Each structure stands twice: as structure tokens, then as C-alpha cells.
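Chains as they are written, first to last, in my numbering: chain A, 1 to 239; chain B, 1 to 239.
Keep in mind the hints are simulated off the structure, nothing from the lab. Note that this is a predicted model, so its numbers are computed, not measured. Please note that the accuracy of each hint is not assured.
No copy labels: a pair is met if it fits in one copy or bridges any two.
Keeping only pairs whose Cα atoms sit at most 30 Å apart, straight-line, the calculated BS3-like set for lysine-lysine is [as the list claims (entries may be wrong)]: (1) K139 / K220; (2) K173 / K212; (3) K220 / K143; (4) K222 / K139; (5) K173 / K236; (6) K15 / K118; (7) K15 / K120; (8) K143 / K130; (9) K39 / K15; (10) K143 / K181; (11) K139 / K57.
Protein chains: 2
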Amino acid sequence: MNENNQNATSYQGEKKHYVAIDCIIFGFDGQKLKLLLIKRNFEPEKDKWSLMGGFVKENENLREGSERILNELTGLENVYLEQLFTYGEAQRDPVARTLSISYFALINIEDHDAGLTKSKNGEWFTFDEKPPLIFDHDKMVNKALAHLQYKAALHPLGFELLPEKFTIPQLQKLYEAIYDKELDRRNFSRKILSTGLLIDTGEKYEGGNTKKAMLYTLDKEKYGSQFNDFHYFTPKGFF
Amino acid sequence: MNENNQNATSYQGEKKHYVAIDCIIFGFDGQKLKLLLIKRNFEPEKDKWSLMGGFVKENENLREGSERILNELTGLENVYLEQLFTYGEAQRDPVARTLSISYFALINIEDHDAGLTKSKNGEWFTFDEKPPLIFDHDKMVNKALAHLQYKAALHPLGFELLPEKFTIPQLQKLYEAIYDKELDRRNFSRKILSTGLLIDTGEKYEGGNTKKAMLYTLDKEKYGSQFNDFHYFTPKGFF
DNA sequence: CCAAAAGTGTTTCCGTTACACCCATGG
DNA sequence: CCATGGGTGTAACGGAAACACTTTTGG
Numbered sequence: 001m002n003e004n005n006q007n008a009t010s011y012q013g014e015k016k017h018y019v020a021i022d023c024i025i026f027g028f029d030g031q032k033l034k035l036l037l038i039k040r041n042f043e044p045e046k047d048k049w050s051l052m053g054g055f056v057k058e059n060e061n062l063r064e065g066s067e068r069i070l071n072e073l074t075g076l077e078n079v080y081l082e083q084l085f086t087y088g089e090a091q092r093d094p095v096a097r098t099l100s101i102s103y104f105a106l107i108n109i110e111d112h113d114a115g116l117t118k119s120k121n122g123e124w125f126t127f128d129e130k131p132p133l134i135f136d137h138d139k140m141v142n143k144a145l146a147h148l149q150y151k152a153a154l155h156p157l158g159f160e161l162l163p164e165k166f167t168i169p170q171l172q173k174l175y176e177a178i179y180d181k182e183l184d185r186r187n188f189s190r191k192i193l194s195t196g197l198l199i200d201t202g203e204k205y206e207g208g209n210t211k212k213a214m215l216y217t218l219d220k221e222k223y224g225s226q227f228n229d230f231h232y233f234t235p236k237g238f239f
Numbered sequence: 001m002n003e004n005n006q007n008a009t010s011y012q013g014e015k016k017h018y019v020a021i022d023c024i025i026f027g028f029d030g031q032k033l034k035l036l037l038i039k040r041n042f043e044p045e046k047d048k049w050s051l052m053g054g055f056v057k058e059n060e061n062l063r064e065g066s067e068r069i070l071n072e073l074t075g076l077e078n079v080y081l082e083q084l085f086t087y088g089e090a091q092r093d094p095v096a097r098t099l100s101i102s103y104f105a106l107i108n109i110e111d112h113d114a115g116l117t118k119s120k121n122g123e124w125f126t127f128d129e130k131p132p133l134i135f136d137h138d139k140m141v142n143k144a145l146a147h148l149q150y151k152a153a154l155h156p157l158g159f160e161l162l163p164e165k166f167t168i169p170q171l172q173k174l175y176e177a178i179y180d181k182e183l184d185r186r187n188f189s190r191k192i193l194s195t196g197l198l199i200d201t202g203e204k205y206e207g208g209n210t211k212k213a214m215l216y217t218l219d220k221e222k223y224g225s226q227f228n229d230f231h232y233f234t235p236k237g238f239f
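Let the sequences and hints guide you as you build the complete structure.
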């Protein structure tokens, strides 16, 4: 029955399964939170929309696989990537029983290789515009969004979605996009600055037609060490 | 190469993988937080300690599998069970490449079938006494403990580890065991009661040799609806 | 009646909120 | 010089922390 050669302690009575990885890729364009999807030009479910995914290779670590799949669509490396959940309903994939490990990616939308993405039929959608997805991919997206909202409230996660240098108003816009709610400008600013995670670059943002905002960078040192601390970036009773 | 019959849209070029489920089972004995492990009387790694686990069956949902495996060792059903993380380093299992999906279980230690557990070579350990485990199971345990600490700080999770009726001092002992820190009795009591999750049963705990504490039950209704709310059961700056 | 643990009350303090006010820029 | 958005300051409020005090029970 089994394709492998057996030895005394192998798992010969057990069944094997297809295992896929699907990536939920979030980006931010300065105004809205977006999701990167692909229009499938291959079977199954050709011409429908889905998450970017792929099968786990024979000798590939899961993290490597997720990085490979993300890279194939965006050209990016060293991206914020976190394993989220493994979907394993026996009937979730009508073609054949397949497990899917979902990975959650946050990218600065300006950094990705737009040509590569286009060549793979990738497209960015706001949540308003998002088409229905194949299989249980809508469920995956919902869980990932909930996770983003949950985690960004407690940990300095949002910075991953912004350019290297950013202003506090930009960061606020991002948080407002994540939670679809407005925040008080003055309190937000003080709360963010009080974390000590931001370094003033001395530069000012060029582009606004009013007072130019100060540009900050992340203090990578503190960011790493404080990442698992609690920060409460959202107002009390926010949820 | 592949054992299945193929059709036009099957995944014939892809590799399949063994997929296991391992359960990290937490219990509380009134004083200490404990972990349920098994001494393996089967290969591989016979006579060593490991988590309770098993392979995912051909047509079994993952949640069903985790419930089956937990039930085999404890006799319990309807237990708090949460999928945690999927371990998939290519070399994590020296016998054959195997993915392992870890599940996190919280049980009331009094409820389980001690005879069944014993017959499966199961044993409860405090974290002080825990032996080294096979493969990457120590890593799984550490991640599960971190998750318990994280989640119990924000959600009313601890109740799962206590009997149906419990006292506030018992609940406090549990939190102190989870975090290995002492809490202020008076503030803890007020904080817990302010959640409105506890119902006074009118009874008193029999067993202490001083003043008998009041017995409470969970308000299941509120528990369900508030489970995803933030509660902050631990003091500020606790971590 | 004493020790030990449980329950209730109170003051202090600090972080959050909800504001007002000032500053810089382009048209 | 004015509209718009960015930056800084502050009073009031509320929840948490740190206490003291009272009550119950067994020995």
C-alpha cells in the first residue's frame, strides 16, 4: 500500500496526506487595508479567485515553504510571516483530501514586485471589493483578519505594513483601517510615542499640502525586545 | 508513484506526508499546574516520555482526531481543546518525515479516568519534575505553556481547569500556579467578581480548617458570550 | 481565645480620556 | 491670510494598587 520502503519502526500502517500552504497577504496603501489574491489560471477551480498557495515539498520545512510561496508571488524575502492555523476538514478540498496550513503575511505594499505579481494574476483588493474565494479560503481570510486585529491591539505589529520611514498620522490611518474605526489623534500620538519604539529621523514627510509631519523609524532593537510585551495600542473597550 | 487513482484535476505530481496530532494536556490539582505525559511502550523511542499523540486517519477531521486522541488517554469528551501550531521541520521525526499538529487541552484533573490513563502509561508531572521528551515535544510544551499564560491573562480560560464548583481562593491559586507569581488576594477577588462571570451557589467549601470559602459556578451564558472579550486577569506589567 | 484564612472597605495614585490651544504649509 | 492638518498641553475621570479591618472556623 505504502510507497516507502519500510523498516522496523516505520509508520507503515498509517495514511499519508497532501499538505498545502496558503498565504493570507495583507498590505496597506496609505488609506485602506488590502489583501493580495490570485485569479487561478490552473485547475482546480480555474478562473476563480483564491489565496496564493502551494504544496509542501518532500524535504521542505514549513517555514521555508511559506517563504517560497510568498516569494513566488511578490518577489519579497524577510517578510513578517506567521503560521496561523491548519485546516483539515476531510472534505475541504473536493479534489482530494488536503490539509492546508495558513500563513499570515504583512508586507509594505510599495516594496513588492508589481510586475511579478501581475504575471501571476495577483491583484490587491480592499475588503469591500473582495470576491468570493474557493474552498474554505474565505474562512481563512476572516480568521487572519481577526488575528491581525487581535494582535495589532497588543503588539507592535502594524509597523510591518508601513515603509521604512513613516509619520504618526500614517500609522494612525493604518490602525483606523485595521479596525475600521476612528481614533483620537492626540491620544494616539502620545500612546505610540510613549512606547519608545519610534526614532525621530529629523526629516519631514513631503507630499501633504498642509503642515508636514515628522518622519520616524522603528527602533529595531527595542522592537525586537518588546515585541512580545503588551502595549495596548487601541483605546479601552475597543472591541 | 502515487497510491491513488488519478483524474484530470488530481494532485498527482505532489508528495504526501504523514500527519500526526500531539496533545499538550494541562491539569491543576489545587496547588500546582500539571502536564499529562506518557511513557511509550511502543516504537519509536520506546520507554521514553512523550506527549500523547496519534496519526490523522484517512477521513478524519483534525478536530475529531484531537478529540479521539485525548479521549483514548483520559476518557474525557467535551474538553477545552484548541489547535496551537503545526510542526513541520523536515527532520523533526527521525523515523520518517511527519508533520505534527499540536493541540492544547485544559482538563479538570478530577474528572479524568485515572485507571485508563494508568493503563496507557500516562502520568501527571509538575513542570519541576517533567522529564525530557522525545523529538520536539519539549518545544511544543514550552509553546503551549506560553500560550496558556498569554491567553489566561486576557480571557476567562482558567475556569476550564477547575471543578464545576470552585472558590475564589482556588481560582487564585490556579492563576498563581500558571504564572508562578503571587497575587493580591483582595484585588484578585474584586477583579474576578467584577467580570460578572461567577454565580454564588450559596454553598461553602468543605475541607479547609479555617473560614470556609464561598463556592461559585461559572455563568455559562456570559462565559460563552464574553470569552473573546478582553478581561485582564493579571496585574498590569505582569509579564 | 488564638491562629489562619476568607471577605469587605478605603485611600492613593497613575494612565486614559476628552478636550483646548498653537504651529506649519500651500493656495 | 486662511483653511487644513500636525504637534503639544492639561484638567477630570476612573480603575488599579496598596493598604486596614472584620468575620469565620478549628483546635
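Intra- versus inter-copy proximity for K130 and K143 (alpha-carbon distance at most 30 Å) = within (15 Å within a copy, 34 Å between copies)
When no copy is named, should K39 and K15 be tagged within, between, both, or neither for a Cα gap of at most 30 Å?
-> between (32 Å within a copy, 24 Å between copies)
How do K173 and K236 come out at 30 Å by Cα distance, when the copy is not named: within, between, both, or neither?
-> both (18 Å within a copy, 28 Å between copies)
Copy assignment of K222 with K139, given that the CA separation must stay at most 30 Å = between (34 Å within a copy, 25 Å between copies)
Within, between, both or neither: K220, K143 at alpha-carbon 30 Å | Classified as both; 28 Å inside a copy, 24 Å across copies.
Status of K120 relative to K15 across identical chains (alpha carbons, at most 30 Å) = between (33 Å within a copy, 23 Å between copies)
Up to 30 Å between alpha-carbons, please classify K139 paired with K220: within, between, both or neither.
-> between (33 Å within a copy, 26 Å between copies)
Are the CA atoms of K139 and K57 at most 30 Å apart within a copy, between copies, both, or neither?
-> both (25 Å within a copy, 23 Å between copies)
If the cutoff is 30 Å on CA atoms, where do K173 and K212 land: within, between, both or neither? Let me know, please.
-> within (16 Å within a copy, 54 Å between copies)
Alpha-carbon proximity context of K15 and K118, limit 30 Å | Close across copies (28 Å), not inside one copy (38 Å); limit 30 Å.
For K143 vs K181, is the C-alpha pair at or below 30 Å within one copy, between two copies, both, or neither?
-> within (19 Å within a copy, 33 Å between copies)
Checked against the numbered hints given earlier, this structure breaks none of them.
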